[in-house]
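Chemist: Protein sequence lines correspond, in order, to chains V and D. Residue numbers for the first sequence follow this note's numbering, beginning at 1 and rising by one. Residue numbers for the second sequence follow this note's numbering, beginning at 1001 and rising by one.
It is possible that part of the hints are untrue.
Here are some chain D residues pointing at chain V (derived, C-beta under 10 Å) [said to hold, decoys possible]: (1) P1017; (2) A1207; (3) V1217; (4) L1233; (5) A1237; (6) S1245.
Derived by calculation from the structure, the hints in this document are not laboratory data. All C-beta atoms in this analysis are idealised placements derived from N, C-alpha and C, irrespective of residue type, glycine included.
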Amino acid sequence: MSVRGAGTLTECGVPGIGKIPYGSHMCHLYRDRDSLAAALVPFFAAGLRANERCIWVTADPLRAPEAAAELRRAGVDVGSSTRRGALEIVEFSEWYLRDGTSLGPEDICAMWLAEERRALDAGFAGLRVSGNVSFLTPDTWDAFMDYEHAVDFAFRGRRIVALCTYSMQACGAAGAMDIVRRHTCALDHADERWQLLGAAAPA
Amino acid sequence: MQTKTAERPHALRTQHPSWQDVVRSPPRPAHIVQICDSDEVLVEGAGYFVSEGLDAGEAVILTGTQDHMSGIRRVLRSRGANPDVYERRGQLVFTDAEEAVNHVLEGDVPDRARFEALAASVMEPLYNDTRWAGLRWWGEMSNVFNKRGLSTAVVHDEEIGDGICRKYGLRLMCSFQCDRFDPQNYNGCLQEVCARHTHVIPAEDYALHRVAVNRAVADVLGEIKGAALQSLLSWKALSCEMPSSQAVLFWLRDTMPEYLPAVLARARAYHRSTMRRTEVGG
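Could you build all of it, start to finish, from the sequences and the hints given here?
Modeler: Rendered as structure tokens:
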């Protein structure tokens, strides 16, 4: 891993993981709703503590109201964080689709980079994002993998950390193969212990 | 904290949803292999590749067995292309794979110089003919070597073919007949054959293959996590383009070979049962 200086690290928030570099584009293959919440709630809580702007793009099995409730249960003041622009919980249909049409990889990358710029201009330390993509279908899978590939390059060296979540059951082994090759590292929860696997995992 | 590091593997490309998309208009050079488990699949795949080339104004060479070339003629006719017309025009050339193999074979392996000279004698008149928009070649010499039990010759043949493909900027498609769910083939030359191509077509129906492999892996391995996930991250994939479902089988072969026979057996069963349902359902 190449650490780009002390200022480029931020707390991951997921228990036992410690600091991760900005520019990390992580993936997580979750088992169910609870395991999804177990990764994302501490991830966003740490982002808010680190004065990062946090954008949580939700889909089944954890939609926006439930995500907010989970954060509240973890002690996050969702209302205040939302009002000051530090937290945005948005449904996938509002983020990845415009007028019902899927956006292209370049469009979505550009949106994320614009969000990073806005966050830094507003005085935040960086941008923290997560998207759950359970809405994908076999017909949209390949196009979304193109997007993940583009994002993996676009986020390098940026003040962004991203955690993309996929249902293990829906993806299967072939999907897992597609996913891990388009992310810098994978968040894993084996034997009730979190670990970060892959080329960009902190040493 | 628990951390592990790994070299980043090759990125896999998944943009081809079907084998027809692979062979319709591949880049130049492209060296494609289709894994076929029947003569019908072979002639259908080769016929489609040839037909698309003829439609695009390319010259096409076929090097196959007489039976397969007869089948390809049938496929061409069914697609509205009269092979006799194209042959008379000089756009379509049929050459016999058995004769070609006998000509280039030196002991148990093909002789490179003889192979290259033979290829040049067939190709260069077409390559230099400005009437044609490009040159495609379909062949099954490695298939003939394999049927004769000459597995070393198969790999040599593909290496020489790959060099010729690159030199002339060809669109070259090979048909390789084997049982894609037989573990013995994974212990043999299947992976080496695939590694010497730019594109691998492992199945007639990519979606069906993916479902069958996913279900089989889930049954045998369970969730991909822990050591299995780390292994998937660090595995060095073949640099050729192939569906991820086939890459998963090569990953298992390389990293967890003890599970491969069970996965292949279940994948075969799922593949058959899903195909049967599809056929019954029309």
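Chemist: Hint by hint, say whether it matches the structure.
Modeler: Checked hints:
{"no.": "1", "hint": "P1017", "result": "holds (6 Å)"}
{"no.": "2", "hint": "A1207", "result": "holds (6 Å)"}
{"no.": "3", "hint": "V1217", "result": "holds (4 Å)"}
{"no.": "4", "hint": "L1233", "result": "holds (5 Å)"}
{"no.": "5", "hint": "A1237", "result": "holds (8 Å)"}
{"no.": "6", "hint": "S1245", "result": "holds (4 Å)"}
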